[in-house]
Amino acid sequence: MAIRALRKGKWTMIAVATVCLVSLLAAACGGDDDSTASTTTPSGSPVGGIATNVGKDDSAQLTGAGATFPAPIYQAWFDDYNKKVAKNVQVNYQSIGSGAGITQFTANTVDFGASDAPMSDAEVAKASDVQHLPTVIGADVLAYNISGVTSLKLDGPTIAAIYLGTIKKWNDPVLAALNPGVNLPNADIQTAHRSDSSGTSFVFTDYLSKVSPEWKAGPGTSKAPNWPVGQGGQGNEGVTNVVKQTPNSIGYVELNYAKANKLAFADVKNAAGKYVTPTIESASAAAAGVTVPDDYRVSITNASGDASYPITSFTYLLLYKTTGKCSQQTPLADMLWWMYHDAGAQQTIKDQNYSPLPASLLPRIEATIKSLKCDSGAKTSLKGAG
Amino acid sequence: MAVSTFGRPARAAGSLKNRLKPGDWTFTGLTGAAALVVILVIVGMFYELTRQSWDSITANGWSFVWSTEWDPSKGIFGAGAFVVGTLITSVVALVLATVIAVLVALYLVEIAPGYIARPVSYLVELLAAIPSVVYGLWGIFVMGVFIRDHFGPVVVNHFSWIPFFDGTPLITGLFSACIILTIMILPTIMAVSRDVIAAVPRSQREGVLALGATRWEMIRLSVLPYARSGILGAAILGLARAVGETLAVTLVIGNSVKIPDNIFSPAYTMASIIANQFPEATGVHKAALIEVALLLLLVTFMINVVARILVWRVTKGQRVVVEE
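So the protein sequences, as listed, match chains E and S. Residue numbering for the first sequence follows our numbering, beginning at 197 and increasing consecutively. Residue numbering for the second sequence follows our numbering, beginning at 2 and increasing consecutively.
Derived from the structure by calculation, the hints contain no laboratory data. It should be emphasised that the depicted structure is a prediction, and the values quoted were computed from it without experimental measurement. Please note that the accuracy of each hint is not assured.
[Unchecked claim] One side of the interface only, derived from the structure: several residues of chain E facing chain S at Cβ under 7 Å:
1) 391
2) 393
3) 416
4) 418
5) 419
6) 428
7) 548
A virtual CB, placed ideally from N, CA and C, is assigned to each residue, including glycine.
Put together the whole structure using the sequences plus the hints.
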C-alpha cells in the first residue's frame, strides 16, 4: 500500500492515511453493529443473475477524482455502500473539477474519474482505455427575481436573446407574447452567469447553441464563454446571490441548488413545443428522448418528447475498460452494480434532487458493467458476471 | 583557507581559534542550504511554469501579454485584461492603504495616549487575521450592496465629470475589489509603519521641537524623512499581498474579460482567472492559464525590482536630508 501511495503522490497518501485511521477507529468501536447491518440490509436480491450486494466481501481503497456537481450524491453513495454493504471498501472521492478529473484519469493516478461533459475525441484518443458511464442527470433552471411575478414561461431563442443582450426589457413584446396575463415590469433585465468555468455553463450554452444560430455564431458552447452582457457570480451560490440581491434579474443554476434555496424558476419550451417545469421526472424524461450511442457520449439538451425538460445533461464516471488492476477494478464494478440496482441507492438520487437515468437505459448500463475487464483484459471485473 | 570562503560567521569563528569550528561549520552549512533552497524554488518555479506553458507560449507569442481577447471555446488567449486588472486594483489599493496606514501609525505613535493606542493597534492587526473568504463574502453581501445602492449613485450623480467616475454601480466590480484589497493590506502596512515611526530617535524629535516647530512640522521634518524607507518597505509588503490575493478579489471583482472603462465596471485579475478556470481547463487552455501564472510571477518580480530601486533612491535622498 505504501508503494501505491507514493506513486499517487502526497494527497493520496494523506487520504489513504486518513482512511486508514478512520477504518481503524471503525474497527475499534464497530463491534456487533457491523454484522447486524449486513443482515438487515434489504439489498442482495439477484438482478440479471447477479446479487446487488455482490461486493459485500470486497476489500479495497478506491480513489476517484473529478466533477464537483455530482460530488454530494457520490459521497452519499460511497458512504452508504461502505456502511450498508461492503465495510472494507473505502472510496476517496476528490471533487476537484471535471477538467482535473480527466487529467488525473488520463495520467492513471486514480481508479476512476468523473466529468460533467463527456471527454472530447482528442481526450479519448489520449486516454485510449476509457469507458464513460452516465450516473445521474442534472438540469439547469432559469431562476428569476421579479417583484410580483410568480410564473414565467421562456423559449430557447428568447433565453438566447436575453443573454445576448438583444432583449433588454422585461416588458419586451416577445416576452409579453410568451407570458399572457403576467404583468412584466418596464425594467432592464439583469442577467447573471457563472464566472468560474463549469459544466453548468457548458450545458446551458450547449442548449443555447442548439436553439439559436446567433448564439452558436457568437459566444458558442463553452465551460467559460465570453458573456456579452451580465454579471458573473462565483459558483451556484454566487449566481444565486446575484439573483437574490438584484431586482429584475435572471440567472441559471442547477435544479438541486434552486430547490434547496427555494428560488422561483421558469418553465421552458421544449423541442416538442410544450412548456415544461424542471423537475426530477422531466429531466429523466429528456434522457429517454435521445438516442444514446454505445459510448454514452451524447448531449441530451433540447431532447424530443412531450415531457422532456430541454436543459439537461448526463454526468459521467470515467472507467478503465481493461487496464484497471483487478484489486481495484473488481470492488469498483461490484459497487457500480449496487449503485444502479439497490432501491435505497436509487432513492438517494431523488432525495438529493438529482434525476435518475431512465429505466430504458438500465439494460445497457448492466451490459457495460459486465463487460469491464481488469489486468489488461485477463479477467472480468464484476463478480458473478462470468 | 576554506573558512574564509564562507561569509561572515565562519570568519568570525576563525578568530576564536578553531574551538567553535564544528558547530559553525554545521550552522554555516545549514543556513547556506536554506538560502539555496529558496533560490532553487524560484528557479524551479520559473522553469516548471515555462515548461508547462510552452504550448501556449508558442501558439500565442508575445501578443499574449497585451491582447485582451480571452475565449477558451475558440482557442483565443490574451492576458492583457488580467494584467491591467491586477495592476489597477493593486496600485489603487496600495495608494489608499498606505495613506491611511501612515496616518493611523502617526496617530498611534505621536498623538494617541497609550490607553487608546494599544487597543486600536491591536484591532487593526486583527484585520490581518480574518480569512480572505470572509472578506470576499462580506464584500458581496454587505459592502457591494452598499456601494450599488448608496455610495455609487452619489458618486455618479456628483462626480461623473471626472474621467472614469461615470458608469453603473454594481455589487461586484473594480471599485469593490480596490476597497477590499485596501482593507486587507492595511494592517500589514500599518503595523510595520508604526514600528518604523516609533524607532525614530527621540533626540531627533526633541531637536526639531526645540527649534520651535509645531507637531506637524516635527513630523514632516524629523519623523517622516527618517522613517521613509521603512514605510516604503511596508508598502511593498502590502503590494505583494494585493497582487497575489485571489479568493476575496475573485468574489468581488465581477470577473469580466475586458479593460474596465469606469471605476465600477467589472474586471478580472491574473490570480482570479487562474482560480476560476484552472480546475476545468485542459490542453492549450491549461497551458495558457499556466502562462498567466508565469506572467504573474514576472509582474511580481518586476514590481519588486522597481520597489528596490525606489527604496535605494529614497535612502540616498535621506542621507542628503541628514547631511543638511
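Outcome of the hint check:
Residue-level restraint check for residue 391 of chain E holds (minimum Cβ-Cβ distance to chain S is 3 Å; threshold 7 Å). Proximity of residue 393 of chain E to chain S holds as hinted, the smallest CB-CB distance being about 4 Å (cut-off 7 Å). About 5 Å separates the beta-carbon of residue 416 of chain E from the nearest beta-carbon of chain S, less than 7 Å, and the hint is met. Using the Cβ-Cβ criterion of 7 Å, the hint placing residue 418 of chain E at the interface with chain S is satisfied: the shortest such distance is roughly 3 Å.
Given hint, residue 419 of chain E at the interface with chain S, holds; its Cβ is 5 Å from that chain's nearest Cβ, closer than 7 Å. With a least beta-carbon distance of about 4 Å to chain S, the hint placing residue 428 of chain E at the interface is held under the 7 Å criterion. Interface hint at residue 548 of chain E: violated, since its Cβ lies 22 Å from the closest Cβ of chain S, which is beyond the 7 Å cut-off.
Consistency with the previously given hints fails for number 7 only.
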